Amino acid sequence: MNELIFFVNKVLVSGTVLGSIYALGAVGVTLIFGILRFAHFAHGDMMTMGAFVTFVLASIAASMGIQTFWPTGFIVLPFAMAIAAGLALGIDRAFYQPLRQRGAKPVTLLIASIGVTLMIQGLIRLFWGVEARSFFANEPKDLIRIEVPFEGVRPIVISEPQILLIVTTVIAVVALHLFLTRSRLGKGMRAMADNADLAKVSGINTRQVIRATWVIAGGLACMAGTMLALDVTLKPDLAFNIVLPIFAAAIVGGLGQAYGAIAGGFLIGFAETMAVFNWSILLRPFRQSWPDWLPFPADLSLVPTEYKLTVAFVILVVVLLVRPTGIFKGAST
Amino acid sequence: MSLIEVSNVSAGYGGTPILNGVNLAIESTDIGVIVGPNGAGKSTTLKAIFGLLRVSEGAVLLNGRDITNAEADKLVPMGLSFVPQEFNVFTSMTVEENLEMGAFVRRDDFSDTLASVYEMFPPLKEKRRQKAGELSGGQRQMVAMGRALMSQPKLLLLDEPSAGLSPRYMLEIFEQVIKINKSGVGILMVEQNARQALEFASKGFVLAGGKNRFTGSGRELLDDPEVAQSFLGG
Amino acid sequence: MTHIREFILFGVLAVLIGILVLWLSPVGTIQILALASAYALIALGLNVQWGYGGLFNFGVMGFLMLGGFGVVFASYPINESFWGSDGPMLLGRAAIAAAFGAVIIIAAAKSEKFGLGKRSRMFALVVAWAVAYIVYRSQIDPAVAYIEGEVEQGFVGGLGLHAIFGWALGGVFAGAVAYVIGKICLGLRTDYLAIATIGIAEIIRALIKNMDWLTRGTLTVSPVPWPVPTQADLAASGLEDLSLITARSMYLVLTLLVIVVIFLLLQRAYYGPWGRMMRAIRDNHIAAGSMGKDVKRRQIEIFVLGAALMGIGGSILTTYVQIFDPGGYQPINHTFIVWVMIIVGGAGNNLGALFGGVFIYIVWTISDPIAEFIFRNLSEFSDGMGWGAIPDVQSRALQMRVFVLGLVITIALRYAPQGLIPERIGGAKAED
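Going down the list, the protein sequences come from chains X, U and D.
Going letter by letter, the first sequence gives residues 1 to 333 in the working numbering.
Going letter by letter, the second sequence gives residues 1 to 234 in the working numbering.
Going letter by letter, the third sequence gives residues 1 to 432 in the working numbering.
None of these hints come from the bench; they were simulated from the model.
Given the structure is predicted, the values throughout are model-derived calculations rather than measurements.
Fair warning: there could be bad hints in the mix.
[Claimed, not checked] Here are the simulated BS3-like pairs of lysine-lysine, each with C-alpha atoms no more than 30 Å apart in a straight line:
{"id": "1", "chain 1": "D", "residue 1": "K209", "chain 2": "X", "residue 2": "K235"}
{"id": "2", "chain 1": "U", "residue 1": "K74", "chain 2": "X", "residue 2": "K105"}
{"id": "3", "chain 1": "X", "residue 1": "K105", "chain 2": "D", "residue 2": "K183"}
{"id": "4", "chain 1": "D", "residue 1": "K209", "chain 2": "X", "residue 2": "K308"}
{"id": "5", "chain 1": "X", "residue 1": "K308", "chain 2": "D", "residue 2": "K183"}
{"id": "6", "chain 1": "D", "residue 1": "K209", "chain 2": "X", "residue 2": "K10"}
[As the list claims (entries may be wrong)] Among chain U residues calculated to face chain X with C-beta under 8 Å, some are:
{"id": "7", "residue": "P77"}
{"id": "8", "residue": "P84"}
{"id": "9", "residue": "M93"}
{"id": "10", "residue": "E97"}
{"id": "11", "residue": "M101"}
{"id": "12", "residue": "G102"}
{"id": "13", "residue": "F104"}
Glycine included, every Cβ here is placed at the ideal spot set by N, Cα and C.
With the rest of the complex left out, here is chain X:
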């Protein structure tokens, strides 16, 4: 029974947490792709940037003596998201819009996004150095133990930021769904992702849609980055390493498909956690009755932890080969 709880802690909780972060990031990537038709590589660093914005706000709040029941980083998140959305708009204005207006190919924008990546990375490290920081330097990181109704069994452990993360992700996904299906601008966004020329012909204000896209992508990136930083620590290269799984999630879900990106995010998140999980732990209860002739496996993880990154990539390649448009049919051009 303890083993099962261990499984819940290590796979279900971690997978959901990781999946939520990937999903939030992948939605941004997929929306930008759907509207602007280029792979925005700076997205991981927009996440990091958002986390640092939150960090600064949280520090300010802490210095003003604001202390609440919730983690401060979480309280200031809406403000940070607004700032991050503004920064995303500014980045578009300064670096992508001029190229778009020249009629540059998507690949030029893709290279430009690498330039933006380097600039954000440089700036973050310029101001905050390279060391890791914690949102919980001055406040406790609460752990929530959910007791299971069995004698002598360990509780399910989940940290407060993790619960907040999962709840916020659900809220964000529902809000995004309502936006895309109910609001005029959200529908315009879907229309432009579906058929940009026709959207223009219909009189949809494409500039407005592009701005909305950056606001949403920037806000969600900030949310994902902050959540990741709350869950682990805040490092300048926080999200650069997860840009690959995020893209894998967006592509697996079908580029341009918001719901696909969410599904893809959870798929990749769970696949990664399950691939590095040592499954022999689940066999331990049967150790007594284990046949002598068969050596008891000590390590049954599918992939050594060092190669966690490869999991997302292998899934990506398999999907690209078997179903290039993603699991949900994605944009084709």
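Starting from the known structure of chain X, fit chains U and D onto it as the hints suggest.
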């Protein structure tokens, strides 16, 4: 002052222009039909009016206002609507959402317009929750035209509305075009099925090589032996 | 066709090098030039892939690592302890297991010949992969444990060949991996290819970093032997004061020789029928395909060629610094800077790639002390103003360079999308 006046327009996609001085004028009571051989610049004329490609010379006037090279999202509120020949529905969106997108520029309540579009194209009402990509060719054309009507245009530009449709659907679409015109919307359309279209056209324009060759009422063009022989297949 | 622009730019480069000689020292300049020439070779490789073929590669780092590993494997002295142990036998068993796995995977892939349907073929393929993986792991895991635990130095060692063979092997390794990647990925759209190559580079890094039995991983291998006598050799043979400069000069001459040969071969190929075909494919896939050209095969060709050049460049880098440290590879220093080189130099023009490679490398290197100088002064200024000194000046100054690198990319794309020395083939390259 005509509803739309295209005077001496030259336009192209960079390089040699496709249009070399096209002239036409349409009133709100008119159904104008542009006919001509392939590559004559028929669709290009519509796109030039709608600002989808650069007009290098000449002018386009809507109710006397110069709209040469204006952006589409400025033209739609001014009363211009365009139905492209291909890819003219949002395939991943429902029929109703497609129609709503046509009304994107309107900030007022457009439920009346929606109702009148459904009245005009009854099959759409039935399938309004269905994705437009799942519809047949004829129904898609209805969605496309319905979408264009949602902005309550004064002038509707139709690029080969009957392309790829069965004769039955073609006639149905033409009937709707006439009905739309009766409700006070000027029509300017490009048609492959030139004979049928000229039958009900109040104005016909024969283009060739990016220039006007003949202009007259639909009847006049049909009766002109030269037009009939060269452009209407004898 | 005038070449005034090229003369001016290379003149600027010459002046820059002259300043370096005076400012640093001849010895320091030669070191920078030797490394710069390695980067120029790498930039040529990326130019072949991107400039000639229009193939996206964000995984340059991976090929440099393969090149570095290739030269270590070829030229590092033979590890007697490994060859005298059970290691070769255990590895042999792992190789047999891998071969067995390959056979059943191929059998499953071809299973439609045995009358299996599409679904069951898919299933067979998945099972085959799983079985192959388990069988291979069951053999390789003990071999790895044995080599890392029992053998001296903890890895298989090298082959003790001359470093030149190592450079060649580095190119071969990179090219071979590029072939596999090309087979799988080159059909993909550009943005997919970009993410795929990033992923592959990360996987190569993870493998090389963690396969301690083969590469010694983060324990690093050194000293990697030089292809020319080192300073120590020369000093021992009586060249006292001049030993360092002589050794480095000999190394530089060798790398220049490699570059000149490769450059001439590339120029010849590019202006011949092969190059014309490549440009046709790059500028219009569909038309080239309909003309009966085997587009994908040509693209693989070009991808492999470019990767091989990167591999050789990576080998030269590793040999020069004499240490192979998988932990030292970073996308910024080993992928993106190469992109800056060809974007600034001019994609599609070999001279541009050479210029960009050398110029950007020099600028990147000297910007380190310059940035530090600026930041120190800023810090003193801010201290003098009573705002306090800037903490960790040095590391911050380094990060400023990353920012500038990114800024250079975006500015170049906006104001000089064709680079300083644009492609010149019968009219300008089509603007994007």
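Cross-check of the supplied hints:
no.	hint	in the structure
1	D/K209 / X/K235	holds (22 Å)
2	U/K74 / X/K105	holds (26 Å)
3	X/K105 / D/K183	holds (25 Å)
4	D/K209 / X/K308	holds (13 Å)
5	X/K308 / D/K183	holds (24 Å)
6	D/K209 / X/K10	holds (26 Å)
7	P77	holds (7 Å)
8	P84	holds (6 Å)
9	M93	holds (6 Å)
10	E97	holds (6 Å)
11	M101	holds (5 Å)
12	G102	holds (6 Å)
13	F104	holds (5 Å)
Consistency note: the structure conflicts with none of the earlier hints.
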